[in-house]
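Chains as they are written, first to last, in this note's numbering: chain A, 511 to 822; chain B, 511 to 822; chain C, 511 to 822; chain D, 511 to 822.
Hints are computed from structural coordinates only; laboratory data are not their basis.
It is possible that part of the hints are untrue.
Note that the list lumps identical chains together, so a pair holds whenever it fits in one copy or between two copies.
Said to hold, decoys possible - Below 30 Å or equal to it, Euclidean Cα-Cα: the simulated DSBU-like pairs (lysine-lysine) are:
hint, residue 1, residue 2
1, Lys762, Lys581
2, Lys808, Lys577
3, Lys762, Lys808
4, Lys808, Lys581
5, Lys808, Lys791
6, Lys762, Lys791
7, Lys798, Lys808
8, Lys785, Lys762
9, Lys785, Lys798
10, Lys762, Lys577
11, Lys785, Lys808
12, Lys808, Lys706
13, Lys785, Lys581
Protein chains: 4
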Amino acid sequence: MSLTPDQQAEIEALRAATRETHRVTAPALEEILYQPLPVLDHGFIRVVDYMGDDGAVVQAARVSYGKGTRKLREDQGLINYLMRHRHTTPFEMCEIKYHVKLPIFVARQWIRHRTANVNEYSARYSILDNEFYIPAPDNLAAQSTAGRQGRGEALGGEEARRVFEILREDAARTYAHYTEMLNEDEAGNVVDPDRKGLARELARMNLSLNVYTQWYWKVDLHNLLHFIALRGDAHAQYEIRVYAEALLETVKRWMPLTCEAFMTYHMGGAHLSAKGLEVIKRMAGGEKVSQGESGMSKREWRELMEALGREA
Amino acid sequence: MSLTPDQQAEIEALRAATRETHRVTAPALEEILYQPLPVLDHGFIRVVDYMGDDGAVVQAARVSYGKGTRKLREDQGLINYLMRHRHTTPFEMCEIKYHVKLPIFVARQWIRHRTANVNEYSARYSILDNEFYIPAPDNLAAQSTAGRQGRGEALGGEEARRVFEILREDAARTYAHYTEMLNEDEAGNVVDPDRKGLARELARMNLSLNVYTQWYWKVDLHNLLHFIALRGDAHAQYEIRVYAEALLETVKRWMPLTCEAFMTYHMGGAHLSAKGLEVIKRMAGGEKVSQGESGMSKREWRELMEALGREA
Amino acid sequence: MSLTPDQQAEIEALRAATRETHRVTAPALEEILYQPLPVLDHGFIRVVDYMGDDGAVVQAARVSYGKGTRKLREDQGLINYLMRHRHTTPFEMCEIKYHVKLPIFVARQWIRHRTANVNEYSARYSILDNEFYIPAPDNLAAQSTAGRQGRGEALGGEEARRVFEILREDAARTYAHYTEMLNEDEAGNVVDPDRKGLARELARMNLSLNVYTQWYWKVDLHNLLHFIALRGDAHAQYEIRVYAEALLETVKRWMPLTCEAFMTYHMGGAHLSAKGLEVIKRMAGGEKVSQGESGMSKREWRELMEALGREA
Amino acid sequence: MSLTPDQQAEIEALRAATRETHRVTAPALEEILYQPLPVLDHGFIRVVDYMGDDGAVVQAARVSYGKGTRKLREDQGLINYLMRHRHTTPFEMCEIKYHVKLPIFVARQWIRHRTANVNEYSARYSILDNEFYIPAPDNLAAQSTAGRQGRGEALGGEEARRVFEILREDAARTYAHYTEMLNEDEAGNVVDPDRKGLARELARMNLSLNVYTQWYWKVDLHNLLHFIALRGDAHAQYEIRVYAEALLETVKRWMPLTCEAFMTYHMGGAHLSAKGLEVIKRMAGGEKVSQGESGMSKREWRELMEALGREA
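From just these sequences and the hints, can you work out the full model?
If you want it as structure tokens, here you go:
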């Protein structure tokens, strides 16, 4: 992640200003407000604004005139109850706004979450920075041989060397061609006064999907947790999972009670089918059950055994 | 509007607390934070939390690292441009949360606006207050004779007297029957220990549509303005229009520049059809145009003349 | 449920017409197309239109040029996989439209599902029918004594008699007052030419929450199943649960493979928390676990034991 | 646009099948059902399914038991009224599903319309085709010199030649590198058995934004028209505008009355601000008004004069 001195000065100016408010605040989140948290090689997330705290969830659930809060323990109990029983609307009552820098192929997965607000940096108006995602060697994964999706071990040796060579050279070349077609340098200065320059909205099409873009992204707490659950899952692509993990860190600071309930009831839990529940009832009763008698397909059986931490 | 002493104390406690924040604030809105603004005979709206200010619209439109703001005049210019050209996403970047008390027949119109978050006071769990909307004499309107929808003049004399009698007596009787079926008083105390009491979720069905309910309602600025435009319109039912007007007052305090742009480009404006535009071009060229030559239906013509402040 | 002869004739006319189409069809659903399926005392649901079948889910998941279907068994396997892993977007690719008649207090729960399209019969323009929901004796439940929400046993004897008396008399009286204030009979004929009549949008406020309304409701398959899962659950209020059950019957006809996957992986399943999963791992390993050692609250423990079909 | 013989055979099979239905049909749309309509050099849209017709809009607006239709003229009148007064919910009652092939930079604009359902071809699972958008010479536009956004005249001569060279060579090279990193050919056959091959979800990042993707896109009629209004506008980028125009052709076949109302009241119309309306009132009264006296900025004035077809 690299910020220009101007950008850093702007961020510092925001952090230096302190105002009075009658609204609730989340002190641990205030500590990192506006600060970019690095993700991948050039990306970041930073919290730009927020609304509400754990008490606001309780307040909304009770439709109260005041804080809604009684005692810390009761609040945790109510939040746990709401989370466990998927009463999602009180969690929709808190809102957070991020500034995110991310590769376009990650942005394309991210944007599929529709219940959020987005303002993206426009490559129709503006020139994109010369920043491309290049995986770290550990993340240069081979195609998974088991499933059709996902990754196997990291590539090594000559194969890895060649992949890095391709990714770096193609990024450099396509970006150089981008500015050449624009007839502008990165700062927007005309290069050759005798040429017209290709429209920005067209020239961008030559950039590759690992070029970085950025956007403001605003979302309510329920949909944020849903995003983190899906994109922080082990089956999600690594490059979006690290963003989900960074988002989770900000939730911990913002909403400690809600975050704990989320970790207990969602992230660490599992959904069992009717058949899975039947198997478990029998096992809990001391019975030995095999896949053959379970009525489950092999794949389902393997998934169930994984959830139970047993060999399939 | 009547608050219990407990409710007032809770509100005062919230207003008395002041905290420090690095977030942007809207000082004029802070002045009325948490305070109920009366609407109708027992209703209110009150701002419970908010996020963002005019500068946040500019910041999102520019996807900036800092405030995004340059000079006040430039900000107003950009906000006007965004509003005029219906670039709605920067206005989605601000959020506000209200606590609203309103009659159920108003709530049923309100909830049709789907892009918002709601937590309603539950009449499955709790006992509703004995508060019913009874129109003021000026608002006891006759059925409009012109269109099928809307209102004519206020009723008077014996007809009005009888309507008030019906509304008041039926409200009192159905509420008394509600608590009788519950076998509970308003505070939830059992009345007759030998009776079981009807389930709350059932007993409520005997209440009439002018009983008051309440909810927390959270919405982004764009959808709030859309709500105000539709429900603050002259064709909207009076009983929801007054809520829209109260909401607009809070927007003025929260977002003065955006609110001014909204009043100029939406509320005071008009949408013209292709045919309407054609008529206006001819009129602006000095031509006299009649409905017959306009290609418009009588109804369309009347609507156009109204928009132009001319007789049809 | 009572339809007028005109309404029945209109429905028969629609059912009698047969057209040719290149679209996919769901023959078992065509059999009941347009026909009202009775729910509660005066309500119904009826399928008015639909789009897609089980094959369309497969087709969308594969983004195929043709049907997407390979063999029935493969289709079922893919649908099961999508359902189990909550890949919801292919199920959003099918759509269904219902005409529903329902009491207003049920409509108020129903409308909370925002991802759907609704057109409701307007009581601003039109006069509502004289139809009110009165529970059957079996459903005249007492307030639950265990939790704060829900129902206990049915009321009986004098208490039940009095409740029916109240519900019936108040419905009749408020409706009579409604038409008196309107100065119109049910068919919209003016009663007393010397009176103006109260505006329809006002007079309706005197009706109670068990009066019937009706609407067109259109929803995609994923959101329909989500509705059925929440509102068909044992904790949902009986009066909306019977609608969910009627909807489920139409899904069985429309989407047999998807419906089966839904019953297996959602309706009959359970979500376990991290702590619940831990308990189950220990039990499956032959260990005896008590609530005290489980790290779970008594309420959580009771919920887990219920899911496992064991005594708490 | 190029389809494989297999794809063509699949499409023909769908078109050859005819089924009976009691649902309404749109015969002119049935004629082109499943057929790809070419857009840009390799793209297309094709209607895969639909639900409803003009009568369904009327039916929903009236919440009718039957067709809702009275006479053609009355239907057109009601549809015009709904369109003019922005009563949008009846238009949400019709639904259509497309299969679309489009360059990724167009897909990124398209997906910003959130109220729709999407299933995209997955480049995590599958290998993308070797198809890239290369503009036709007429569309190889220079950057607009007036505004910051948009296009000027087409490039010519040496500058155009060089742009084509870049776009073609970079597309060819990045695609060759994509398959080299995958260690697979386009059909998914392993090339070098001694290499592992980079994960598909990673290799795709080397492709440029003009590579084609495809998806199933399902949307209701109201949101479809909103999409067409925004993306078919003169200010939209050419490459998405041609998709909007192709969509409009399908609406004409599907919904002739609604389409006509849309063209009259939206596409050909204009929204006037309060200030614009004031100017027009004065002009229609025979007064000469200049920008200076109008209270409008130069930009606003220019926009108004454009709407009136006058010189600024």
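Quiz item: So which hints don't hold here, by number, going up?
Solution: Every hint satisfied by this model.
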